[in-house]
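Visitor: Sequence:
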Amino acid sequence: MVQFAVVTMVQFAVVTMVQFAVVTMVQFAVTMVQFAVVTMVQFTVVTIVQFAVVTMVQFAVVTMVQFAVVTMVQFAVVTMVQFAVVTMVQFTVVTMVQFAVVTMVQFA
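Under the numbering used here, the residues of the sequence shown are numbered 140 to 247, in order.
Treat the hints as calculated values from the structure; they're not laboratory data.
It is possible that some hints are incorrect.
To be verified - So the derived label-pair ranges between C-beta atoms look like this: (1) 215 - 194: 28 to 34 Å; (2) 198 - 218: 26 to 32 Å; (3) 154 - 191: 52 to 58 Å; (4) 180 - 218: 35 to 41 Å; (5) 226 - 193: 47 to 53 Å; (6) 213 - 236: 32 to 38 Å.
Since the structure is predicted, the reported quantities are computational estimates derived from the model, not experimental observations.
Every residue, glycine too, gets a C-beta built ideally from N, C-alpha and C.
Kindly generate the complete structure, drawing on both the sequences and the hints.
Guide: Here it is as structure tokens:
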């Protein structure tokens, strides 16, 4: 009976400890996997969002700067051309009128 009791207790103790150890290890492993997955997902999402935001901001800034530069250049060129054309036309007209008036006066 003593042997049976000892064997039974030892078996029970060993089985209980092994079960506890296995359950604990499995739970710990599951926890680690969950933590790893959550961490990776968070990191991935944060990285993607950061990349998207940075890309959008860069694109917006570059687009705005390009638009501003193109607009300023177009405006400057158009203004200069208009000014040059107007000046040339005015000068030509004034010169022709003066020449005509002087010629008529001299001829008359």
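Visitor: Tell me if the beta carbons of residue 213 and residue 236 are separated by a distance inside 32 to 38 Å.
Guide: holds, 34 Å
Visitor: Regarding residue 198 and residue 218, is the given constraint of 26 to 32 Å on their beta-carbon distance met?
Guide: holds, 30 Å
Visitor: Within 35 to 41 Å: is that where the Cβ-Cβ distance between residue 180 and residue 218 falls?
Guide: Between residue 180 and residue 218, where Cβ atoms are some 56 Å apart, the hint is violated.
Visitor: Take a look at whether the Cβ-Cβ distance between residue 226 and residue 193 falls inside 47 to 53 Å.
Guide: holds, 49 Å
Visitor: The hint says 28 to 34 Å between residue 215 and residue 194; measuring C-beta to C-beta, is that right?
Guide: holds, 31 Å
Visitor: Is it true that residue 154 and residue 191 lie within 52 to 58 Å of each other by Cβ?
Guide: holds, 54 Å
Hint 4 alone, counting from the list given before, is not met by this structure.
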